[in-house]
Each structure stands twice: as structure tokens, then as C-alpha cells.
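Student: Full structure from sequences and hints, please.
Here the protein sequences line up with chains R and Y, keeping their order. Per our numbering: the first sequence = residues 1 to 313. Per our numbering: the second sequence = residues 314 to 799.
Do not rely on the hints blindly, as some may be mistaken.
Pairs of lysine-lysine, DSS-like flavour, derived with a Cα cap of 27 Å [to be verified]:
#1 R:LYS118 x Y:LYS363
#2 Y:LYS366 x R:LYS88
#3 Y:LYS616 x R:LYS88
Partial pick of chain Y residues on the chain R-facing surface, computed with a CB cut under 8 Å [to be verified]:
#4 ARG373
#5 SER374
#6 GLY376
#7 VAL489
#8 GLU501
#9 ALA563
#10 GLU569
#11 SER574
#12 THR588
Where chain Y lies over chain R, by a calculated footprint (3+ residues, C-beta under 8 Å) [stated by the list, open to error]:
#13 88-96
#14 108-117
#15 301-313
Everything labelled a hint here was simulated from the structure, so no lab data went into it. All of these numbers come straight from a predicted model, not from anything done at the bench. C-beta: ideal position from N, C-alpha, C; glycine also.
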Amino acid sequence: MLGRLANNLFWMSRYLERAENNARLLETYLRRGLSEKYIEVDDWLAILAITGQSASYKEKIGEHNQTAIINFILREKDDPASVLNLVKYARQNARIVRTALTRETWQAINDFWLYLQKNLNRPAARNDLPIILAKVREGSSLVRGAIDGTMLRNDIYHFIRLGVFIERSDNTARHLSSRYNLFIPSENESVEGYPMLRFEMILDAVGVMRAYKWLNKGQIEPDRVIKFLLNDPTMPRSLIFCYHDIVRQLTALENEYGKTYEALNIAKKIQSDLAITLKETLVHDDIINFTSTFIFENAQLSKLVEKEFKFNP
Amino acid sequence: MSKFPIFDEMYGLSEGSFVYSSSEENAERRIPYNQFANWLDKQNLLNLHKQAKRAQDIFRSIGITFNVYGATDGVERLIPFDVIPRILAASEWNILEAGIRQRVTALNAFLYDIYHTQEILRAGIIPASMIHDNDAFVPQMMNFAPPCNIYTHIAGIDIVRTAPGEFSVLEDNLRVPSGVSYMIENRETMMHMFPELFEQNRVRPVSHYPLQLFRSLTECLEALGIQNPTVSLLTPGVYNSAYFEHAFLADEMGVELIEGSDLFFHDDFVAQRTTEGPQRIDIIYRRVDDGFIDPLNFKSDSKLGMPGLFNAYRAGKVMLANAPGAGIADDKAVYSFVPDIIKFYTGEKPKLENIKTWRCSEKNDLVYVLDNLEDLVVKEVHGSGGYGMLVGPLASKAEINRFRKKLKSRPSSYIAQPTLALSTVPILTRSGLAPRHVDLRPFVLLSPNGIRITPGGLTRVALKKNSVIVNSSQGGGTKDTWVVDD
Numbered sequence: 001m002l003g004r005l006a007n008n009l010f011w012m013s014r015y016l017e018r019a020e021n022n023a024r025l026l027e028t029y030l031r032r033g034l035s036e037k038y039i040e041v042d043d044w045l046a047i048l049a050i051t052g053q054s055a056s057y058k059e060k061i062g063e064h065n066q067t068a069i070i071n072f073i074l075r076e077k078d079d080p081a082s083v084l085n086l087v088k089y090a091r092q093n094a095r096i097v098r099t100a101l102t103r104e105t106w107q108a109i110n111d112f113w114l115y116l117q118k119n120l121n122r123p124a125a126r127n128d129l130p131i132i133l134a135k136v137r138e139g140s141s142l143v144r145g146a147i148d149g150t151m152l153r154n155d156i157y158h159f160i161r162l163g164v165f166i167e168r169s170d171n172t173a174r175h176l177s178s179r180y181n182l183f184i185p186s187e188n189e190s191v192e193g194y195p196m197l198r199f200e201m202i203l204d205a206v207g208v209m210r211a212y213k214w215l216n217k218g219q220i221e222p223d224r225v226i227k228f229l230l231n232d233p234t235m236p237r238s239l240i241f242c243y244h245d246i247v248r249q250l251t252a253l254e255n256e257y258g259k260t261y262e263a264l265n266i267a268k269k270i271q272s273d274l275a276i277t278l279k280e281t282l283v284h285d286d287i288i289n290f291t292s293t294f295i296f297e298n299a300q301l302s303k304l305v306e307k308e309f310k311f312n313p
Numbered sequence: 314m315s316k317f318p319i320f321d322e323m324y325g326l327s328e329g330s331f332v333y334s335s336s337e338e339n340a341e342r343r344i345p346y347n348q349f350a351n352w353l354d355k356q357n358l359l360n361l362h363k364q365a366k367r368a369q370d371i372f373r374s375i376g377i378t379f380n381v382y383g384a385t386d387g388v389e390r391l392i393p394f395d396v397i398p399r400i401l402a403a404s405e406w407n408i409l410e411a412g413i414r415q416r417v418t419a420l421n422a423f424l425y426d427i428y429h430t431q432e433i434l435r436a437g438i439i440p441a442s443m444i445h446d447n448d449a450f451v452p453q454m455m456n457f458a459p460p461c462n463i464y465t466h467i468a469g470i471d472i473v474r475t476a477p478g479e480f481s482v483l484e485d486n487l488r489v490p491s492g493v494s495y496m497i498e499n500r501e502t503m504m505h506m507f508p509e510l511f512e513q514n515r516v517r518p519v520s521h522y523p524l525q526l527f528r529s530l531t532e533c534l535e536a537l538g539i540q541n542p543t544v545s546l547l548t549p550g551v552y553n554s555a556y557f558e559h560a561f562l563a564d565e566m567g568v569e570l571i572e573g574s575d576l577f578f579h580d581d582f583v584a585q586r587t588t589e590g591p592q593r594i595d596i597i598y599r600r601v602d603d604g605f606i607d608p609l610n611f612k613s614d615s616k617l618g619m620p621g622l623f624n625a626y627r628a629g630k631v632m633l634a635n636a637p638g639a640g641i642a643d644d645k646a647v648y649s650f651v652p653d654i655i656k657f658y659t660g661e662k663p664k665l666e667n668i669k670t671w672r673c674s675e676k677n678d679l680v681y682v683l684d685n686l687e688d689l690v691v692k693e694v695h696g697s698g699g700y701g702m703l704v705g706p707l708a709s710k711a712e713i714n715r716f717r718k719k720l721k722s723r724p725s726s727y728i729a730q731p732t733l734a735l736s737t738v739p740i741l742t743r744s745g746l747a748p749r750h751v752d753l754r755p756f757v758l759l760s761p762n763g764i765r766i767t768p769g770g771l772t773r774v775a776l777k778k779n780s781v782i783v784n785s786s787q788g789g790g791t792k793d794t795w796v797v798d799d
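Tutor: Structural data, given as C-alpha cells:
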């Protein structure tokens, strides 16, 4: 297939995954904000760090205000990382590669974009937010379902899946690395349940709260949460799960093209590093170091994939 | 314009008003519309409007949209689709098909001649200056024979109708004719919404066009002994107004949709950059205009093509469709000579008429045109898309005077034609059916194995009352076009 199209497929997939993750994050904080007293302005700023919009927000808006932050993440026209723009770019990429997509997949993406274009044209009313955010998750799920149900398992599919898992592992790692204050005792430490609340919110924002509770009989324990997010091979958003799939897709590409790629070696190394590091119990500083290193190496792998598969001239 | 009697394809002759009167609605329907009209009588207006709305939703969801150049909002527009089909009887279609076949054969022969010995100029049938001073003439094509001597692999011939048996050619499109995706999607949508209509009527299919296009292209190289040639479709990119069509055709043919930046030379061949490395291309169906395909040979600032592509073409390393320079045969000034072109190359009388055309480059014609501006349609020779033309009977005095000045300063840039009483077909409006003017663009494929013409084509309809401009950029819409067996 054309290298340019592989590029579009990969980024279509990354943008969709990112839009979904950011919507889930907003949903969590909105819902928790209703029932918990301890959601602070700092927490809202932390969201911007996870979505990668801190600097842009500071420059364009500045003031620390919940409504402004929500609108910025959701629909800021001048910020490329807003949910509205992410879906727009995903759709633009899909439009360029529509010959590589099944009609169902293209229509799922196009309808998703048409919905957001209509509903995020103006600032969303507070009461409409839950519906719109749920629609973002739903739109992304429909695309994923159409891909899963109708697309051939060939290179087109492999590049789409690579995009999903490189983006998703980045997102899961960011939840831990950007919330460094989780691991620093705060003045609220004495309040019962406070530190646990932060861990609950991470699980919620990653979309795996029920899964975690089911496995751990409802007990929220920091070490278990961290291992669950990093190293549980059955959990589809854990780093190790993402890397199993990344290695699988790259292996399939090697087989399909009859060539070897350095990207596969790097992916395997990151995969085994995950397994080794996480055998030991991690102390707090380690988590920060580990996730920061991971985010960097994951981004390097993404660049290597772009280069080795000739995404650009 | 209501002074002319107008031929309505469903009800026959009408008084030329833009609503149907009760006498028409009770009148006999013309034969090809019989079955359909019986069905239509049983429909209620509300339901038809609901279906029409559904059709628009289907189009938007599938992404059948076009971008308007110069529109600043960057919004993709829908081409309005009218749910009432335009119906031709097989006997009517046969007349058209024979005429188009003859015309396209002659135009291709004309191109070969113009780019070789120029017999037709020597015979004094066309003034040499009309060719050599024409921007559409590509001197780089001289003495080069494209594969199987075919220049116009794909042609779109615009036809208008003025009476039951009277079809004439309005213009030829031999460069990169577009609209074929609408022809196919219009049919798909109609079959989706009104399946019963296709059980009651024997409508000739159109969906095989992409396969025929692919075959027509590959047959050219297969005739030269190259088996299973690789075809790619070259698009100017996602912002081009016809991008949907490019993607649609690439998809339906199962070929790559490429941009100039995907192309490079590899081992002396034209290759596309794939994830596995370079892949050789044998045929490029290019939807990029002549001037933009190669910055080394044509417009040097073009980024849409590939440097050196034309050299590779001339060296026989890659086939381009259509051939560069084919535009000299669909030029509006050359158009008026097409009847002579047909006689010269086929020895036959033209089966389809041209529309009477005055060439403002000629003194007597210019005088006549200036004296009769309010009755004529004046077109720019190199214009397209319905821009830069004057429709005399609908223009104000001031507009006519402005045009008069333009004409006097650059007469050779213009041609003029009589205002035609174009046929009408009903469209669905808020208050019911109303007649609107239509034209027809059948699509023609030329290959060494013969000429293939998809039955029907794209019907464009002027949705505005009184209007005769059917271009989508000027408020025109489209209709499904049926050829039904008698």
C-alpha cells in the first residue's frame, strides 16, 4: 500500500483513540465533581496535562475555571488537541484513505464527525455534556466495531491497530506520570478516602473501574492499581496488553512484506522491559521515572514506524 | 422565455410556463414514463418529500460532496438530488448512442491527425491558426503516438434536447470529464429508496462503469503485450472539488488513489512509494489537468504532478489517460467545426447535430452577435462550469452592455449560440411537480476493443425557475437517468 496512506490510517486511528480517551477523562471529572468535595482546580489542571493542552490553555485562556477548561478540551477551535479537532482530523485522514476503508468504517467515522460538528458548534450546555461525551465514546466504539467486523486482516488493519495501541499505551502511562501529586502526601491526606479517590479516578478515566473491582473484590490499593494499569495482560488498556498487540501487528507486517524491521526489535525490548521492571514492587519515584521513560520510548517507536514504512517522502 | 413552446419529456409539449397546469396533469404521459407515472399517481407528496430528505441524508453520510472553489467557509456541499427520474426509451437512446459513437471516433481521429500530419489543416477545413494559437494545443505531443493511438479514453458528451427526436451536442468533454460517480450513486440511492420501481421497470444498469473503465485502460497495454498492468488514479488531492469521485472510482476499480508526492522514478520507471518500497506503475488515470502533470514540461510551479512524468510518457514507460493535449478537440472554438471533422474522418453525415454557433473571431459573425445579444447565449472559449457566460434573454440591459464591451475588446475569446428551448423534466418542489430544464452527459469509454457507452448518463437539472444553467457550482442538481426497454 502507499506509504502516505499508511500514514493517514495510523493517524486516523491515533486521533480517534485520543478523542475517546479525552472524552472519558472529562466524563470522569464531571461526574466525580458532582459528588466529591475534593476535586480541586489542580485536578482540572492535571487533566490539561494528560490531554497535552497545558501550554496552549495557559497561552489562550489563562484563567483557572472549570467551564473554560471543559470547553477548551472539548471544542476549542484553535487547539489541535481538542476533541472536536481530533475527530475532525481523524475524519480528514479517513477521507483521504477512504479507498482503504470499508464503507461501514468510513460511514461510522463520517457520521461521528457530522454529529460533533452539529453539537459542538456552540458551547455545550452543562446538561448536554453527559450526552455528548457518551456519544464520543459511542462514535469511537462504532468505528472500532466496523473495523473489527468488516476489514481484512492485512497491512491496512495492522497500521490501524498500531495506531490504536501506541496511542492507548501513551494515554494510560500519562494518567500515572501526570498525577505525580498522587504519590506525595498532601494536606488532605488525613481525610479518609482521599488518596484512594485519586486512584479511583484514574481507573474510571481509563474506563476499567468495574474490571478492577471485579478482580480485586472492591479493594482499591495503590500497588494493585499500578500493576493493573501497567502489567495485567488481560486488561485491554494496560501497557503490557498494548505492547503484546503492537508486537503482534509488527510481526504480521514482517510476514506480509517478507522483510525485517527494527521497529519490531524495539517493540519487543519495550515489552520485555515492562515485564522485568514490574516484577519488583515499585516505589513512588520509580513510577514517575518509569512512565516518563516509557512515554519517550513509545514516541520513539512511533517515529521509527513512520520512517521504516515510508509514511513520508 | 415563455414565448417558446417547450418540450416536456414527461407530458409532451407545454406552453413554456414553469408550473404544470391541470390540463397537463390530466394529459397523457409520454410512453417511457407510463409505468413510472402510474406509480407516481399512487404516492402522496408528504412521503415523497420524506424520501427526498432521506436521499440527502444518505448522500451526506456516504460523503458524496464537493468543495466549491473560492468558497471561504470550506464547507463540503451536497449536490441537490431530485428523486423524479429522467426516463429515456431504448429507441431514443439508440439514436444517441449511434451519434456519440460516431462523434467520439471522429474526435479521436482528429487528435491523432492534429498531432501528426495535420491533414485537416492542409485540406483547409479548419484554419491552422485556430489550432496553433490555441492554449489547449500541446506542441510537445507532436509526432508521438499514444498506446493504440487512443487520446480520449474517457469522454463525456453533453447533450440537450429540444423536441422528441431532436438531440444536439452542447459540448464535448475530453480532458478530465467528471460526474460519473453521481450517475452511479444516484442509481444506488434510487434503488435503495424505491426498490419497487426497479421491479416494475426494466432499467438498464450503470453500476458496471468502473469495471469497464478499468478494462478499457488495461486493454490498451494488453494489446501491446503487457499483461496485468498496474493502474493508479492520480488526484490533485482531498481539497479538489471532485475528490469524492476520485476516491469512489479508485475504490470501485480496486486501484491506488495517488497524489504527485507518491510518485518518483525508480530504475528508470515511474513508481509509487509504498510501505514495501517502490512499486512500478504502468497506467495513470490522471484527474489532474494537462498544465499540472509535470512541472518540468508544463507549469513549473505545479506541485500536483511529478517532474519528468511527461518525458516518461513520451518514452513509453507509462500510459496517461486521457492523453495530454486532448483538450484541443473539445475547445469551444473548435466545437463549431465538429460536423466537418466527422465528415472528414468518417465520410459520414453527423448523426447528432451541433448547436448553431457564431464564432466571434469572424467578422460577420461578430456583427450578428453584437446586434442580437439579447437573444443569444455568449460563452467564453476557455470558460467552464457555467462561469463567464451571458444568457441574453435573462440578462439586464447593464449586463448586456458590459458584455458588449468585453466582446469588442477580445472577440476571439467568445462564441455565441441561440437561446435554446431546452427540454424539461418534472422535479419535486414544495408544492408538487414542476418542470425544469435538463441536459445529459453520457459517459464514453474508448479502447482498442471498441467503444463502451453506459446507458443513460448524468442528467443535470437547473433547479431554479427559468434557469438554463445546470452546473452544480451554479445551483444545478442531478437526477437518476433511466434507459428503459420499449
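Student: With reference to the structure, classify each hint as holding or not holding.
Tutor: Tested hints:
| no. | hint | result |
| --- | --- | --- |
| 1 | R:LYS118 x Y:LYS363 | holds (21 Å) |
| 2 | Y:LYS366 x R:LYS88 | holds (25 Å) |
| 3 | Y:LYS616 x R:LYS88 | holds (25 Å) |
| 4 | ARG373 | holds (7 Å) |
| 5 | SER374 | holds (6 Å) |
| 6 | GLY376 | holds (5 Å) |
| 7 | VAL489 | violated (18 Å) |
| 8 | GLU501 | violated (11 Å) |
| 9 | ALA563 | holds (5 Å) |
| 10 | GLU569 | holds (6 Å) |
| 11 | SER574 | holds (6 Å) |
| 12 | THR588 | holds (4 Å) |
| 13 | 88-96 | holds (count 3) |
| 14 | 108-117 | holds (count 3) |
| 15 | 301-313 | holds (count 3) |
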